[in-house]
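Whole structure, please, built from the sequences with the hints as guidance.
2 protein chains.
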Amino acid sequence: MTDSTSLRILDTAERLFADQGFHATTLRQITREAGVNLAAVNYHLGSKDALILAVFRRRMDTLSSERLTLLKQALSESDPPQLERVLEAFIHPALRMSARSSGDGGRFMRLLMRAWAENATQLHGVISRQYSHVMRTFADAVRRSLKTVPSDLRQQLDFLIGALTYAMAETDDDSMQQTAASLVGFACAGLRQSASIAA
Amino acid sequence: MTDSTSLRILDTAERLFADQGFHATTLRQITREAGVNLAAVNYHLGSKDALILAVFRRRMDTLSSERLTLLKQALSESDPPQLERVLEAFIHPALRMSARSSGDGGRFMRLLMRAWAENATQLHGVISRQYSHVMRTFADAVRRSLKTVPSDLRQQLDFLIGALTYAMAETDDDSMQQTAASLVGFACAGLRQSASIAA
DNA sequence: CTATAATTAAAACATGTGTTTGAAACTGTT
DNA sequence: AACAGTTTCAAACACATGTTTTAATTATAG
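One line per chain: the protein sequences are W and Y, in this order.
Everything in the first sequence is counted per the numbering used here, starting at 1 for the first residue and increasing by one.
Everything in the second sequence is counted per the numbering used here, starting at 1001 for the first residue and increasing by one.
Please note: incorrect hints may appear among the correct ones.
Covered stretches of chain W, going by a simulated chain Y footprint (3 or more residues, C-beta under 8 Å) [claimed, not checked]:
1. 18-24
2. 28-36
3. 190-196
Some chain W residues close to chain Y (C-beta under 8 Å, calculated; not the full set) [to be verified]:
4. D11
5. A139
6. Q155
In silico contact screen, one side only, chain Y against chain W (beta carbon under 7 Å); selected entries [as the list claims (entries may be wrong)]:
7. H1023
8. G1035
9. Y1043
10. E1118
11. D1158
12. G1162
13. A1167
14. A1181
15. S1182
16. G1185
17. F1186
18. G1190
Don't read these hints as lab results, they were simulated from the structure.
Think of the CB as a built atom: it goes at the ideal place given N, C-alpha and C, for glycine as much as any other residue.
See the structure below:
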């Protein structure tokens, strides 16, 4: 799994999936650009669907753990936690990751977007089942950081995810810091407004 | 173009595209479920790519005109326009349309999301070129409704679009009114916060 | 070194794709 | 009724896809 053939396949597949979509990207294109044999995908990963899942989980796992680490920091700094810090813990790792995953920005975010849109191999269900605890943890933190709790908190967080995903997909590496700061402010104001109504 | 064969093709294709994506949906599936012959798509529409464009423009044109009509109303009611009214003019037609396009909710919104994600036949470029004046008009209206103008207004509107698209795709018909109201409040607060910083 | 397993390679396989074709069925007009 | 123009239909076409197979190659122990 960690040999150079699998790695080259995963890296190349990630790039092509993000650029062209899961369905539109062929195994022949992946293996050709990765410099490996066509049969290597089925040999090392099993199938194309399994490759999609593997590409996805590799980054999703580190994204989740980075988010939770930052969140723990924010929680230890003040009680109740500060809303800005909580949202930053959610947004910044996504930023850094898409900037870091080499080449032009937003690759992984575009991948997330596609995962939701194409729903290859019921990815959406698999993901939300597998990472629901992360979302629950963040929802709890947001709830505690607001004096009054909005009645539709989960929906508000969906707004945040949508804005994050969509905006990141259009943002290049240079303007990412600015975009993140802007989005944190945007979402904080939205959440606080909703909380004030619920009061 | 308005005969029942083309209509059945467009309706069925819209549903399947929204559910499965452009690439994953085959002409055989479309024509079978529409009850027409396989060759009918190429005969009436020309090609699969042309079908995708046709499916898209049919709803996009009415969406744009409904948005602009509501915006004109909002502009005539008060000068400068009220931000809530401007955002409602942008959000509500999208809501009504996805609720109206028959069956379970969010179909057209999911289609929009896919159009962006899959980018079949460079749809993204075609769309933003063809409907850029709508976005410009709304950006102007928002600008006038804020006392101070945020420096990154266009980005803020992208947040709105992302939140709208993502949230709508997950919302069923019943909770749409509530979702819309919630999103208007969310986005208004976000925009006003950004504007206050720019002051 | 040798045998045993793991990996790579080229080719073929089965299937599904968008599109085209040419004849049949239908439509409206004179 | 007979013709012209549309539209439908079944079949075939050319090609691309994911996967499997079988042999060659390389690595790994004994």
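Here is how each hint holds up against the structure:
For a cut-off of 8 Å, the count of residues in the region 18-24 of chain W with a CB near a CB of chain Y stands at 3, and the three-residue condition holds. As drawn, the region 28-36 of chain W meets chain Y at 0 residues by the rule of a beta-carbon pair under 8 Å; below three, the given contact is violated. Only residues whose beta carbon comes within less than 8 Å of a beta carbon in chain Y count, and the region 190-196 of chain W has 5; three or more means the coverage holds. Contact between W:D11 and chain Y, as hinted, is not supported at the beta carbon level, the nearest pair being about 21 Å apart and thus beyond 8 Å.
At about 15 Å, the closest approach between the beta carbon of W:A139 and any beta carbon in chain Y exceeds 8 Å, and the interface hint on this residue is violated. Here the hint on W:Q155 is kept, as its CB sits about 6 Å from the closest CB of chain Y, short of 8 Å. Contact between Y:H1023 and chain W, as hinted, is supported at the beta carbon level, the nearest pair being about 4 Å apart and thus within 7 Å. Interface hint at Y:G1035: violated, since its Cβ lies 26 Å from the closest Cβ of chain W, which is beyond the 7 Å cut-off.
Annotation: interface hint on Y:Y1043 violated; nearest CB of chain W at approximately 26 Å, more than 7 Å. With its C-beta approaching chain W no nearer than about 5 Å, Y:E1118 sits inside the 7 Å limit, and its interface hint holds. For the restraint placing Y:D1158 at the interface with chain W, the shortest Cβ-Cβ distance is roughly 5 Å, inside the 7 Å limit, so the hint holds. For the restraint placing Y:G1162 at the interface with chain W, the shortest Cβ-Cβ distance is roughly 3 Å, inside the 7 Å limit, so the hint holds.
The beta carbon of Y:A1167 comes within 5 Å of a beta carbon in chain W, closer than 7 Å, and the hint placing it at the interface holds. Interface restraint check for Y:A1181: the shortest CB-CB distance to chain W comes to about 10 Å, outside 7 Å, so the restraint is violated. Using the Cβ-Cβ criterion of 7 Å, the hint placing Y:S1182 at the interface with chain W is satisfied: the shortest such distance is roughly 6 Å. For the restraint placing Y:G1185 at the interface with chain W, the shortest Cβ-Cβ distance is roughly 6 Å, inside the 7 Å limit, so the hint holds.
Checking Y:F1186 against chain W by beta carbon gives a least distance of about 4 Å; that is within 7 Å, so the hint holds. Contact between Y:G1190 and chain W, as hinted, is supported at the beta carbon level, the nearest pair being about 4 Å apart and thus within 7 Å.
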